[in-house]
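Protein sequence lines, in the order shown, are assigned to chains A and B.
With UniProt numbering applied, the first sequence corresponds to residues 1 to 428, in that order.
With UniProt numbering applied, the second sequence corresponds to residues 1 to 239, in that order.
In case anyone wonders, no lab produced these hints; they're calculated from the structure.
These numbers were taken from a predicted model, which means no experiment stands behind them.
We treat Cβ as the ideally placed atom computed from N, Cα and C, and that holds for glycine.
Certain hints may be false.
Okay, the calculated beta carbon distance ranges per label pair [said to hold, decoys possible]: (1) B:A136 x A:K175: 46 to 54 Å; (2) B:A199 x A:R402: 54 to 62 Å; (3) B:G237 x A:S176: 45 to 53 Å; (4) A:L352 x B:P151: 46 to 54 Å; (5) A:T135 x B:T157: 53 to 61 Å; (6) A:P375 x B:K209: 43 to 51 Å; (7) A:I426 x B:A63: 37 to 45 Å; (8) B:R215 x A:I426: 36 to 44 Å; (9) B:R230 x A:E339: 48 to 56 Å; (10) B:N61 x A:M422: 55 to 63 Å; (11) A:T349 x B:A199: 44 to 52 Å; (12) B:A222 x A:A184: 43 to 51 Å; (13) B:A159 x A:I229: 37 to 45 Å; (14) B:L189 x A:T135: 44 to 52 Å.
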Amino acid sequence: MKRLRLDRCAGQLLVARPRTCSSPATHVGSGLRSARPSQQFAHSTRSQSTAVAFSEPLEARQLPESHPQTLWDPRELPSPSPERALRSAKLAALHARLSLPERIPLQTLARTLVDASADENPQFNNTNLAFVGQTIMNYHVAEWIMCRYPRLPMTVVWEAMKGYAGNEVLLQVAKSWGVESAAAPGGEVDPGLLQFNLTDNTQGVALLGFGYRRVEAKNSEKYQWRRGIANRVVFDDDFGNSVKVTPGTEAEAEDRPITEEDPSYLRYGNEDTREIAERAHAYFVRAVVGAVYAHCGRDTAKAFVKAHILSRTLDFSRLFRFKNPTVELATLCAREDFEAPVARLLSETGRLSRTPVFVVGIYSGKDKLGEAAGPSLDAARWKAAMNALKAWYLYSPGENVRVPSNVLENNAKPWSPAYIDMGEIISR
Amino acid sequence: MEVQLVRRPAASCCHHALLLSSTSSLSTPSTASSQLRPLIANGLRGTRQKSTASRTKRALNIAPHPSFLASPADASNPATASGSHIIFNPPSSAPSVYHTPFKFLPKSDPRRRANLTASLFASSTTIKFNRDGAAAAAIAEKLPLVRPEAPKTYHLTEADVAEMRRLRAADPLTNSVSALATRFNCPKLFVVMCCHSNAKHQEEMAARKEAIKGRWGPRKTAAREDRQRRKQMLLDGLL
Numbered sequence: 001m002k003r004l005r006l007d008r009c010a011g012q013l014l015v016a017r018p019r020t021c022s023s024p025a026t027h028v029g030s031g032l033r034s035a036r037p038s039q040q041f042a043h044s045t046r047s048q049s050t051a052v053a054f055s056e057p058l059e060a061r062q063l064p065e066s067h068p069q070t071l072w073d074p075r076e077l078p079s080p081s082p083e084r085a086l087r088s089a090k091l092a093a094l095h096a097r098l099s100l101p102e103r104i105p106l107q108t109l110a111r112t113l114v115d116a117s118a119d120e121n122p123q124f125n126n127t128n129l130a131f132v133g134q135t136i137m138n139y140h141v142a143e144w145i146m147c148r149y150p151r152l153p154m155t156v157v158w159e160a161m162k163g164y165a166g167n168e169v170l171l172q173v174a175k176s177w178g179v180e181s182a183a184a185p186g187g188e189v190d191p192g193l194l195q196f197n198l199t200d201n202t203q204g205v206a207l208l209g210f211g212y213r214r215v216e217a218k219n220s221e222k223y224q225w226r227r228g229i230a231n232r233v234v235f236d237d238d239f240g241n242s243v244k245v246t247p248g249t250e251a252e253a254e255d256r257p258i259t260e261e262d263p264s265y266l267r268y269g270n271e272d273t274r275e276i277a278e279r280a281h282a283y284f285v286r287a288v289v290g291a292v293y294a295h296c297g298r299d300t301a302k303a304f305v306k307a308h309i310l311s312r313t314l315d316f317s318r319l320f321r322f323k324n325p326t327v328e329l330a331t332l333c334a335r336e337d338f339e340a341p342v343a344r345l346l347s348e349t350g351r352l353s354r355t356p357v358f359v360v361g362i363y364s365g366k367d368k369l370g371e372a373a374g375p376s377l378d379a380a381r382w383k384a385a386m387n388a389l390k391a392w393y394l395y396s397p398g399e400n401v402r403v404p405s406n407v408l409e410n411n412a413k414p415w416s417p418a419y420i421d422m423g424e425i426i427s428r
Numbered sequence: 001m002e003v004q005l006v007r008r009p010a011a012s013c014c015h016h017a018l019l020l021s022s023t024s025s026l027s028t029p030s031t032a033s034s035q036l037r038p039l040i041a042n043g044l045r046g047t048r049q050k051s052t053a054s055r056t057k058r059a060l061n062i063a064p065h066p067s068f069l070a071s072p073a074d075a076s077n078p079a080t081a082s083g084s085h086i087i088f089n090p091p092s093s094a095p096s097v098y099h100t101p102f103k104f105l106p107k108s109d110p111r112r113r114a115n116l117t118a119s120l121f122a123s124s125t126t127i128k129f130n131r132d133g134a135a136a137a138a139i140a141e142k143l144p145l146v147r148p149e150a151p152k153t154y155h156l157t158e159a160d161v162a163e164m165r166r167l168r169a170a171d172p173l174t175n176s177v178s179a180l181a182t183r184f185n186c187p188k189l190f191v192v193m194c195c196h197s198n199a200k201h202q203e204e205m206a207a208r209k210e211a212i213k214g215r216w217g218p219r220k221t222a223a224r225e226d227r228q229r230r231k232q233m234l235l236d237g238l239l
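Hey, can you work out the whole structure from these sequences and the hints?
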């Protein structure tokens with residue numbers, strides 16, 4: 001994990017109002033849950049910045065007189081009350097470990113740790129922040145992938161999106177931040193622990209995903225209907241997955257080796273609990289991005305995404321799967337007016353032995369497109385064709401390629417069009 | 001089939017050691033010629049048969065390639081003057097897929113312009129610019145094809161295809177795919193693309209295939225499954 005000095009990025013904002021909103025929020029914490037005023041931010045109108053500016057100092061805001069302060073038993077609350085955030089050592093440590101700017105109050109950080117399955121009230125769980133965070137994170141990852149590897153097929157783009165901002169990966173990010181989860185959510189647990197409900201997945205408003213819910217989703221899940229690429233681009237989420245209606249499909253339930261009656265099913269975890277945990281951790285990371293955006297603005301959020309998400313290494317050459325690599329390569333050469341690809345034997349050893357090695361190169365005219373070694377002539381030829389196709393798909397204009405959001409920076413040079421490929425070679 | 005010699009440090013090193021051993025044994029007059037002959041013959045043929053274990057061990061104990069040895073200290077070169085230097089002798093490896101071939105670079109890419117100058121001066125006798133690339137291109141033409149294919153002829157007309165379909169529909173057993181391919185002088189794939197046999201014949205063929213598979217033993221069945229799995233793994237990029 002890269003340590004990022006966010007206070008430097010948003011220095012001009014911090015100098016103006018350091019630590020504005022952390023202390024007053026203690027007043028907000030102890031009212032009636034349903035009638036508690038949510039934090040209202042008046043958005044600024046500055047054209048080149050999305051930083052939040054406050055219309056009035058928060059100290060001036062008081063609870064309405066109609067809601068007298070009541071002492072609540074913390075065990076009655078679904079999640080810890082916000083005023084306890086200031087006394088949590090874990091939360092302060094997390095804030096410091098992530099080098100978050102002081103502008104982000106501990107109460108907001110505590111709220112990012114409450115999943116919708118723990119607390120249904122959207123004013124106290126992280127759903128809103130996670131939604132903002134995922135749009136920002138996915139936008140930055142997607143624009144970077146598009147500019148860095150402009151020729152990738154759509155399926156590989158989705159896999160790369162999953163590799164950077166998918167649930168499984170964000171679970172690892174959250175773990176690397178040192179976030180631990182509570183065994184069960186409740187008002188009495190430490191606010192520095194991630195809270196989600198492992199057992200109660202079907203009831204409540206546990207989030208299954210953001211996005212368009214297909215009309216035919218139920219049948220599509222049941223019968224595993226085929227969804228084309230163009231169809232998925234329009235209707236599905238940023239990773240090419242349709243938004244689920246039910247937590248687990250019936251087909252999956254039948255395949256399960258262990259049944260719900262088995263006591264070890266819930267005690268030691270299973271595919272379902274794994275999925276729930278991944279989702280909760282992922283929404284936490286997204287909510288943190290959303291919180292950075294809400295409190296510190298666009299540039300800081302981008303820097304945060306760059307430092308924690310885009311700085312991770314992903315080997316794009318391992319995301320590919322082919323069906324007919326030789327046919328695909330021939331189609332590519334025909335499309336681009338290259339000479340038809342020809343496989344030539346570069347070298348070989350032990351042709352009559354048990355373990356021969358053939359090195360085959362694929363040539364188009366005089367140019368070598370790809371090369372590979374294999375235990376048989378056919379295997380080497382297929383592999384060489386796959387390497388040639390990967391070399392085509394993994395073309396990159398450069399390592400430090402400009403992305404469209406760069407023009408939003410101060411004193412940015414005007415945008416020069418990025419390289420865009422004409423499209424997929426074959427339909428998948 | 002033409003066999004290409006791979007030039008690698010280890011190969012040349014073996015060759016070097018071989019020559020050394022043969023010349024040294026030749027130069028000693030006391031050695032019996034009867035012992036000499038099999039040594040040279042074995043060495044040249046490349047077999048490792050020796051009469052005793054110690055001789056085998058001695059024969060296999062070859063000197064390392066000069067690039068692995070510390071070169072004599074050169075006073076003019078500060079790197080080797082002290083006698084401490086880094087040996088960089090990487091094994092041969094497949095080229096990275098992240099290196100886009102020249103042909104795949106788009107027209108707008110600046111690397112294309114840089115490489116164009118190289119190819120422009122490739123045939124020049126005065127300017128020595130990227131000669132290796134030009135040599136490699138010349139060699140590429142001479143390399144043997146993995147699958148020599150006859151040039152496509154496109155000699156079949158629409159009437160021929162209709163005739164092919166009629167024959168196949170009339171008697172699919174006699175006019176099998178391979179028989180039609182021979183008769184019309186075209187690849188089997190083309191026959192399959194043109195005509196389908198009726199469902200009854202397809203069922204019969206499938207049943208026959210199943211019967212043949214049923215006669216296979218466990219080894220053959222497993223070997224076939226493994227082969228298919230290996231191919232799938234290759235296409236998935238796991239091999």
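Lying within 53 to 61 Å: is that true of the beta-carbon distance T135 (chain A) to T157 (chain B)?
At 60 Å between Cβs, range holds.
Given the hint of 44 to 52 Å, is the C-beta distance from L189 (chain B) to T135 (chain A) inside that range or not?
holds, 49 Å
Can the suggested window of 37 to 45 Å be confirmed for the beta-carbon pair I426 (chain A) and A63 (chain B)?
violated, 54 Å
Mind checking the hinted window 45 to 53 Å against the Cβ distance between G237 (chain B) and S176 (chain A)?
Violated, since G237 (chain B) and S176 (chain A) (Cβ atoms, about 27 Å apart) do not stay within the stated range.
Cβ distance range 54 to 62 Å for A199 (chain B) and R402 (chain A), holds or violated
holds, 59 Å
Pairwise beta carbon distance, P375 (chain A) to K209 (chain B), judged against the given window 43 to 51 Å:
violated, 27 Å
Does the Cβ pair A159 (chain B), I229 (chain A) satisfy 37 to 45 Å?
holds, 40 Å
Between R215 (chain B) and I426 (chain A), does the C-beta distance stay in 36 to 44 Å?
holds, 39 Å
I want to verify a distance hint. Is the separation of the beta carbons of R230 (chain B) and E339 (chain A) within 48 to 56 Å?
Cβ of R230 (chain B) to Cβ of E339 (chain A): about 31 Å, so the range 48 to 56 Å is violated.
Is the gap between the beta carbons of A222 (chain B) and A184 (chain A) within 43 to 51 Å?
Since A222 (chain B) and A184 (chain A) have Cβ atoms about 49 Å apart, the given range 43 to 51 Å holds.
Holds or violated: 44 to 52 Å for the Cβ distance of T349 (chain A) and A199 (chain B)?
holds, 49 Å
Satisfaction of the hinted span 46 to 54 Å by the C-beta atoms belonging to L352 (chain A) and P151 (chain B)
Given a distance of about 31 Å, which is not inside 46 to 54 Å, the answer is violated.
Checked against the numbered hints given earlier, the structure breaks hints 3, 4, 6, 7 and 9 and satisfies all the rest.
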